[in-house]
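Go ahead and model the full structure; you've got the sequences and the hints to work with.
The opening position of the sequence shown corresponds to residue 4 in our numbering, with each subsequent residue numbered one higher.
Hint data in this document are derived by calculation from the structure and do not stem from the laboratory.
Even for Gly, the Cβ is constructed at its ideal location relative to N, Cα and C.
Some hints here could point you the wrong way.
As the list claims (entries may be wrong) - Label-pair distances were calculated between CB atoms; the ranges are:
#1 R30 / A62: 15 to 21 angstroms
#2 D16 / E58: 18 to 24 angstroms
#3 L54 / A23: 14 to 20 angstroms
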Amino acid sequence: EAWSDDATRCEIDGVRLDDADGWLSVRKSNTEPYLRLIVETRDAALLRERLAALEAALAPFVDTSV
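The structure is reproduced here in structure tokens:
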């Protein structure tokens, strides 16, 4: 799994996961018909890993090709 088991989860205004290495936010846009995905990590390799995991998790539900 791309996020640690000790990640803190918050479901206010979407879903946010925070752990020692960074955070992720998934929420619907309030102004456009889009799903907003924000990922921040401590390094580029971890960012790519987490983005790939997020894309794989969302692929059955949304078009992630944009």
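Results for each hint:
no.: 1; hint: R30 / A62: 15 to 21 angstroms; in the structure: 18 angstroms, holds
no.: 2; hint: D16 / E58: 18 to 24 angstroms; in the structure: 22 angstroms, holds
no.: 3; hint: L54 / A23: 14 to 20 angstroms; in the structure: 18 angstroms, holds
No hint from the list above goes unmet by this structure.
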